[in-house]
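Participant: Okay, here's what each chain looks like letter by letter:
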Amino acid sequence: MIQDLLISEPSLLNATIFLLLAVLFLFVVLGFVTYAILSERKVMGLMQMRIGPNQLGGRWGLLQTVADVLKLLLKEDTIPKLADRPLFIIAPILAFAPSFMVLAVLPLTDKLQFADIGVGLLYYVAISGITTVGIVTAGWSSNNKYALIGGMRAAAQMISYEIPLVMSLVGVVLLTGSLNLNEIVAAQENLWFIVLQPVAFLIFIIASVAELNRVPFDLPEAESELVAGYFVEYSGFRWAMFMLSEYVYMFAMASLTTVLFLGGWNSLPFLGFIPAAVWFALKFSAVVFLLIWIRITLPRLRSDQLMEFGWKVLLPIALANIMVTAILKELFPNIF
Amino acid sequence: MTFLLSVLVFSPILGILLLLLTSKQHESNLKMFGFIGTVPPLLVSLILYQYYASGASLADFTIKNNWIRFGNLSQYDAKLFTVDYELAIDGFSLVLVLMTALLTSLAAFASHSIKKEWKGYFVLLLFLEIGMLGVFTAQNLVLFFLFFELTLISAFFLVGKWGFAEKEKAAYSFLLYNGIGSAILLIVIMILFARAGTTNIQALTHIITIGGVPTIAPISATMKYALLVGLVAAFAIKLPIFPMHRWMVMVHVEAPTPIVMLHAGVLLKIGAYGMIRFGMGIFPEQFKSVAIYLAVLGVINFLYGAFMAFIQTDFKRVLAYSSISHMGVVLIGLGSLQAAGVQGAVFQVVSHGLIAALLFYLVGIIQEKTDTSLISDLGGLAKTVPRLSGWLLAGSFASLGLPGMSGFVSEFLAFLGLFKSEPWLAAIGSIGIVMTAVYMLRAVLDITFGKEKEKYEHLTDLNWLQQIPAGILLLLIVSIGVYPSLLGEPLQRTLDAIMIGIGR
Amino acid sequence: MDLQTMLNYHWEAMIPEFIILGTTVLLTLLDLFWPPYIKRRRLAWIGLIGILLSLLSLLAVLPIEVVSILDDSFRLDSFAKAFKMLLLVGAAFVMLLAESYEPKEGMKEQRGEFYYLFLTALLGAMIMTSSGDLITLFIGLELLSISSYILAGIRKHHTASNEAAMKYVISGGISTAITLFGMSYLYGLTGSTNLKAMSIIMKETVDTQFLYLFGLAFFMVLVGLSFKIASAPFHMWAPDVYQGAPIPVTAFLSVVSKTAGFAIILRILLSLYREVWGDAVGAFSFFESNSIYIAFLAGITMIIGNVVALRQRNLKRLFAYSSIAHAGYLLVAFATLGGQYFLFDTFWFYLLAYLFMNLGAFAVIQVVSGNTEQEGIDMLTGLYQRSPWLAVAMGISILSLAGIPGTAGFIAKVSIFLGAFAVDPGFYVLAAIMAGTTVISYIYYFGILVQLFLRSSIIQTKPKVPAGINILVAVCVLMTILFGLAPNIALDFFHQHFGDLLDF
Amino acid sequence: MEGLYSYQNSYLFVFVFLVIGLMLPVVALFIGKLLRPDKPNIIKASTYESGIEPIHDSRVQFNVRYYLFGLLFVIFDVETVFLYPWAVAYEKLGIFSLIEMLIFVFMLGIGLAYAWKKKVLKWT
Amino acid sequence: MTEVPLSAYLVLALVLFCIGLYGALTKRNTVIVLISIELMLNAANINFVAFSRLGVTPSITGQVFSLFSITIAAAEAAVGLAILMALYRRKKTVNIDEMDTLKH
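So the protein sequences, as listed, match chains V, B, R, C and S.
The opening residue of the first sequence carries number 0 in numbering that gives the first Met the number 0; numbering runs sequentially from there.
The opening residue of the second sequence carries number 0 in numbering that gives the first Met the number 0; numbering runs sequentially from there.
The opening residue of the third sequence carries number 0 in numbering that gives the first Met the number 0; numbering runs sequentially from there.
The opening residue of the fourth sequence carries number 0 in numbering that gives the first Met the number 0; numbering runs sequentially from there.
The opening residue of the fifth sequence carries number 0 in numbering that gives the first Met the number 0; numbering runs sequentially from there.
Hints are not guaranteed to be accurate.
[Stated by the list, open to error] In silico lysine-lysine, PhoX-like type, Cα no more than 20 Å apart, as pairs: (1) V:Lys311 / C:Lys43; (2) C:Lys38 / V:Lys70; (3) V:Lys80 / C:Lys32; (4) C:Lys43 / V:Lys74; (5) C:Lys121 / V:Lys311; (6) R:Lys155 / R:Lys463; (7) S:Lys91 / S:Lys26.
It should be emphasised that the hints constitute simulated quantities derived from the structure, not laboratory data.
Between the sequences and the hints, there should be enough to build the whole structure, so can you do that?
Facilitator: Right under this line is the structure:
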């Protein structure tokens, strides 16, 4: 359906349909976030031999997150006297909007993709960078030392890991010769890129965890040092926006990982009868699980370890990966 | 034989090398080498004169070598936009070269009064000599300009370092006025060069009188006038012509004696030389129409100089203004456009060179002995230093144009010329002759026979060594005065050429 | 593109660049991995060897015909060779200068960078001279600029140096933006960034609107590049930057950077606009109808540079204004297009002469100011007594800067004048301004000479002259005089190896 | 035409997503405003500093490291801009571009080594 | 929906350029001046890209050029900021007017 719409002449009607579709999708994403948080808590609990949320919504605690959200909605909204008011208000929006915008280009299945733009990958990278600005704005406008330090750390970390992230993608682009995400998926019909680009995959996962500000790279919001990092002054739904954007990014990253390295909606050999959407969902869930798993397993890094790891280990490896891929492609044009 | 001119111009380099190899502490050695350095040019110029006197053609000495070629236009004409290294000499230059070489030797001789940094002094003096000799022998404008600027630079330092109290100021005003003059000159030269493709004087004369070179942009008639005016203006500053004379007075007062000798004797003459050689030589047609203005300027200069000399209290200033006045005579002669007048102008160039050198030499000695050159401070020197006073009187007579001395011949001829062409102007101008006599005698008589001053009672008179320069100069002055052909003969051919050029 | 095609390229055309690039990389790595006890000054010698090797390789590629590689974006034509030679020679001298640069503070950590940033800047300049495409041209320009920004501020702990760099970045950034904006129009109007292709399209354009836009783009590019050569009214940065930057950097800016600036101006503007029409009917060429504006820029630059220089007491500042003035002189040559015949040789020779005379002067300034951080004009007072050799060297450099005959500076100026007058109508006013400002420049140039020779110093210490600087000064002075007296050594070399840059 | 429509529609989608991304926080906050209590007092509005009175301005001067990393990021990120077109067009360009890019990445590597050796990458 | 005309881009670029120039010449804060310079450079980039698609003879070179100029602008900004930092540490100001060590 979307495909047909996309090739029809743009009109106001189209725009309205798009809007409705996008709102629909928004609710899907919000639903994902709700249950991602729940599952995260649940998985964490199970791995730590606890039970996890089990009160609201049956023994699985299915309504726990919903209740949390409602609580946030009812919470009083305070803005510190010394804060830079306009910036303080803009910051959560600035952080959230890009996270949702990047979803527009992700191909979920061969049918289900909203915007099919030629430079999808570049679009993702470019737009996701804006979030950093929102975070720094939040940290700065709060006029609070913890917030400022948190914001600066976040910025430093995000820009540091952005480079290996972006560079690891070059390997994938080299293999497909396109920045279009659909074409990248199509190129993995026979062989997933995780096989051809294992190094890139590793870098990408590590860097994306850092980009998501998740453990072990969650220094910007390190509770024990910085109370709550850049959003220490935020409360209620403003605070929720930051959390929301984090989890939406998790959705986006997991999708992107699936698309780039796990063959997207492509099925495993001989299993083509299973619908593409299911394949995508399976891979996607696996990545989300991986992210949660990492969070539980690994301890938080020190700030200097974090930065030096990014620049001194990931970046050179990423550079080397690019060159090795290019050379291999030159030497074995059939495989690569 | 062609090498002789190169040797003439560049032989002072020998002296420079000698000086550079000498330690800067050895005063007597330095002074000796400095003097020795000036001897080779003198000898060479005498040899040249000897050749000339024995009837050889001066054209044989012409030297011409490829030097600079601008642009890459050889496909049109191999000589286009080239500047050659070309030196030549004719009677006029020969006389001036002789005078230059002689005066430089005398100046070097008179340099015993220099008190410090002899090494630098003599090196610069010899550079100055190269410049002066080059100016008079250069056959193209660029080369001329090169030597011209060489004299400028070396004179700047000589005045600025070894002069009297206000030396730096004097040096600066010398530099600026002459700088402006040379800038104008450079523009004129460059226009000629750019439009004619050459700066050789003969070639230029040919091109200007016949018409432009077809390959390059033309030289319009208006431009010819503009160029001539530019040339005259440039040389007028050097000469100097009122109102551009202030620098020259300053230099004459502040510069060290030997340099004033050279400056008054030779450097000022470059202006006259340039006007005659390039103004009249290259632009004869145009020169005819501006001649009258030159004559008027000449008369003004003559009278103004005389008047100013009359009211000065400092003997050096008197002499400085007298130089201005006498340079007016040159203009008068040139402006007359008569053979006699031009001859007079040329005579004046040489004659004033000798006379001024003599007078400045003497005043330098006076100042050295008495520490002053104010007329009011001096007086009665005839009693204490009779020989000095005697030379001074003789010099002043020469200067005021006493018959039998060179000054008379030149002034007479110049005014003769002007009377022929512009009698009224000449009549006004001749007042100046009387004035000259008045101011000269007033000053000199005051100094020699005026009220005696006690403090000068123990002055020592000139010794025989000091009298040699004065003797040589006076001898020449008198010789020319008594026997003008001594000068007239070598000058004749040049004069003829000029007169043919302006069609008289 | 396969391996075969790649290897078939005439890579030898880029060897000079490759050598510089290689040297830069080598120096960077050595600086990083050498243990701290090895003196970083040794890097300068390696850099110098690199530059000399590059120069040698350039000489080796001199005979080859025009080579155009990488889609015509890199051209090795005579123009490129000629200017690269200047750049390399200049950079070699600057390297010598930098080797012995030893300020009191603020240079300890950055010594390594100091040397290889010169090389990256040089690389940028070299790319500029031989690029045939706007993109590479722009890259070269920025490589040079950005390296220079850092160089100007290389003394991290020195306020003046920081400030100079900041000002340089700001003005440089603005100029870059303006240039780029102009380039964007040029690209838009022609649809190409290749200079050859662009000029073909521009030649055929007759549409008035397009011609108007071409004019707009021309002036945007010119204004932007005027910053680089520091011509008025875009010169404001130069005095501050020259003063604040370390001396070798100042020398680099005034010699190499300026040469490159003129190279790019000639490259872009001439190759694009030489055959563009000035109006829709084709009565005038573009330059004919617009030369008045360039002439205006040139005039203002000369006046501002020379007049403001008069009241400078800081030597580096004074040289900044002097360098502005010289940019003005060169703009005269650009405005007049060298009278068609003399354009490239004028530029080349002028920049060559400027290189030697300016570097000679800067070397002396560096030695004299030593590590005292004082750069006032009084540092030179009485240098003649302390170190005659340095004083004479400085004196000759200054004389050449002033354009006194006998030095290379004179011949260079003569070429400009020739160009100004060889067309009809000549650029008389412009030439008059040039001559007039030259005379004004005498005041401050001779002011330095007065300090050097005529005054006696309070300081008695003899400056210590490192061997490298001695060689540098000797070569500079020698060349200044050699090219002044025998300019055809250079000019013939130019014509023989580069022709008239007809393959431009 | 279809290509063009698809192109325009795609960006229309992007725009729609942008609008929703901006609207969601606004709408949610508006709804929250209707529901939540609003009883501000001075204590609530003061800056949080672990429960004690805030001291000094919080906009303190920062460790220069942050800026250095910022600068480093600008350089490297922009350099990767060149890697993307190259990677896309790699198949068409062939070995020449490979060598070119090897040189380019080598230079980048030197830049990194430089920063490394100059202790720019060292946090603390 | 039709294509945006070339002139719109050109006017946009010109406006940006003028704002940038105005800012660069009048603002006293160095950071703002540097930002203004970026604005000017980006104005040129808009021109390049617009011409490259909608120009008289469209070609890809314009986009390539803009890529290069973006890179260079980044390098320039980096250098500018680095120098500003060095200066700030010594003078404790980013105001251009207070950079007055270098006066005759």
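Participant: All the hints need checking, so say for each whether the structure fits it.
Facilitator: Do the hints match the structure? See the list:
As the CA atoms of lysine 311 of chain V and lysine 43 of chain C are separated by approximately 44 Å, the hinted pair breaks the 20 Å bound. Taken as a hint, the lysine 38 of chain C and lysine 70 of chain V pair is honoured in the structure, with Cα atoms around 17 Å apart against an allowance of 20 Å. Distance restraint check for lysine 80 of chain V and lysine 32 of chain C: the Cα-Cα separation of roughly 19 Å lies within the 20 Å cut-off, and the hinted pair is therefore satisfied. Under the criterion of a C-alpha separation no larger than 20 Å, the hint pairing lysine 43 of chain C with lysine 74 of chain V is consistent with the structure, at around 13 Å.
With a C-alpha separation of about 10 Å, the suggested pair lysine 121 of chain C and lysine 311 of chain V falls inside the 20 Å cut-off, and the hint holds. The hinted pair formed by lysine 155 of chain R and lysine 463 of chain R fails the criterion: a straight-line CA distance of about 26 Å is larger than 20 Å. Using a Cα cut-off of 20 Å, the hinted pair lysine 91 of chain S and lysine 26 of chain S holds, with the two alpha carbons roughly 18 Å apart.
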